[in-house]
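J.: Sequence:
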Amino acid sequence: MRVTSCAYFIQGYGLTETLGPSTVGYPDDMSLVGTAGVAATFTELRLEEVPEMGYDPLGVPSRGEILIRGSTVFTGYYKNPELTNEVMVDGWFHTGDIGEMTPDGILKVIDRKKNIFKLSQGEYVAVEYLEKVYVFPPIIEDIWVYGDSYKSMLVAVVNPHEENTMKWAGSNGYKGSFSEICKSEGLKEHVLKELAAAAQKNKLRGFEYIQGVVLDPVPFDIERDLVTATMKKRRNYMLKYYQPEIDKVYKALEGQRAANKAK
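Using the numbering used here, the first residue of the sequence shown is number -9, and each one after it goes up by one.
I should point out that these hints are in silico values taken from the structure, not numbers from a laboratory.
Please note that the accuracy of each hint is not assured.
Unchecked claim - Once the Cα atoms are required to be at most 30 angstroms apart in a straight line, the calculated DSS-like pairs of lysine-lysine come out as:
no., residue 1, residue 2
1, LYS173, LYS191
2, LYS238, LYS191
3, LYS223, LYS191
4, LYS241, LYS251
5, LYS222, LYS69
6, LYS141, LYS173
7, LYS122, LYS251
8, LYS108, LYS178
9, LYS173, LYS69
10, LYS98, LYS173
As the list claims (entries may be wrong) - Label-pair distances were calculated between CB atoms; the ranges are:
no., residue 1, residue 2, range
11, LYS222, HIS151, 17 to 25 angstroms
12, GLY245, HIS151, 27 to 35 angstroms
13, GLY160, GLY81, 50 to 58 angstroms
14, LYS98, GLU213, 42 to 50 angstroms
15, GLU152, LYS122, 18 to 26 angstroms
Every residue, glycine too, gets a C-beta built ideally from N, C-alpha and C.
Generate the whole structure from the sequences, applying the supplied hints.
T.: Structural data, given as structure tokens:
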């Protein structure tokens, strides 16, 4: 491209929240090809450990979540203090991107933390905040909320609370083991109603409502690499483990939406 256009091409890194590029490369330095370059003069960069994904700034190579501070960093999201508090800590903007830093200060963007993500319609979702809201219903022991940037709906994997689930089953005419009841459509419908009630009580926005669920009777555990030793969710491992079930839920939701439009 440079040969045909007689113009310099450089690569950088930035976000809407940082008002454009926070790192830039140099046009004649071929060692920067394939990287995001170095910090701009008005930008401070640092990496923060992400233990659930195995990224450590003190490791070799140095890897972690990219944090940015500087005069161009925004002050917060409009009328969304919850999301602002998720990403802004002590003046540092948590980008949600994973970077690798060379000893020379050259940044490479290698992964995504994904605790905050954007749905297909452009709305940002603070997933950890939603999980705190959605874990309150008595029927729920734990929950992992997931959204695909190419989809407009949130889904979740839920660990039902065993004792409360069995009480619900007895009151509603369901028989069988805990694992068997977790496969029932009736329990799925009940869980979705409880999630919707929690969303309404906490005044969540429409796109933050859970539209489909996978019920797993086995709690998220270290044995399946779904959580760390301190019980933090390993979201990339969870997606890999539950991907087939998640795909089925999305397919069913899209089918329902298409059927509703056809009516």
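J.: So, for every hint listed, does it hold in this structure?
T.: Going through the hints against the structure:
With a CA separation close to 27 angstroms, the supplied pair LYS173 and LYS191 stays within the 30 angstroms bound. This hinted pair checks out: LYS238 and LYS191 have alpha carbons roughly 29 angstroms apart, not beyond 30 angstroms. The straight-line distance between the Cα atoms of LYS223 and LYS191 is roughly 25 angstroms, inside the 30 angstroms bound, and the hint therefore holds. Our distance criterion of 30 angstroms between C-alpha atoms is met by LYS241 and LYS251, whose separation comes to about 15 angstroms.
Simply put, LYS222 and LYS69 have alpha-carbon atoms about 29 angstroms apart, close enough for the 30 angstroms limit, and the pair holds. With a C-alpha separation of about 25 angstroms, the suggested pairing of LYS141 with LYS173 holds against the 30 angstroms cut-off. Taking the CA atoms of LYS122 and LYS251, the gap is near 33 angstroms; set against the 30 angstroms cutoff, the hint is violated. With a C-alpha separation of about 26 angstroms, the suggested pairing of LYS108 with LYS178 holds against the 30 angstroms cut-off.
With a C-alpha separation of about 40 angstroms, the suggested pair LYS173 and LYS69 falls outside the 30 angstroms cut-off, and the hint is violated. Proximity of LYS98 to LYS173 is assessed by CA-CA distance (about 44 angstroms); at most 30 angstroms being required, the pair is judged violated. With their beta carbons about 21 angstroms apart, LYS222 and HIS151 fall inside the hinted range of 17 to 25 angstroms. Taken as a hint, the range 27 to 35 angstroms holds for the pair GLY245 and HIS151, whose Cβ atoms sit roughly 30 angstroms apart.
Range check, GLY160 to GLY81: about 53 angstroms between beta-carbon atoms, so the 50 to 58 angstroms window is met. At about 33 angstroms, the beta-carbon gap between LYS98 and GLU213 misses the expected band of 42 to 50 angstroms. A beta carbon spacing of about 21 angstroms between GLU152 and LYS122 agrees with the range 18 to 26 angstroms that was offered as a hint.
Taken one by one, the earlier hints fail for this structure at numbers 7, 9, 10, 14, listed in ascending order.
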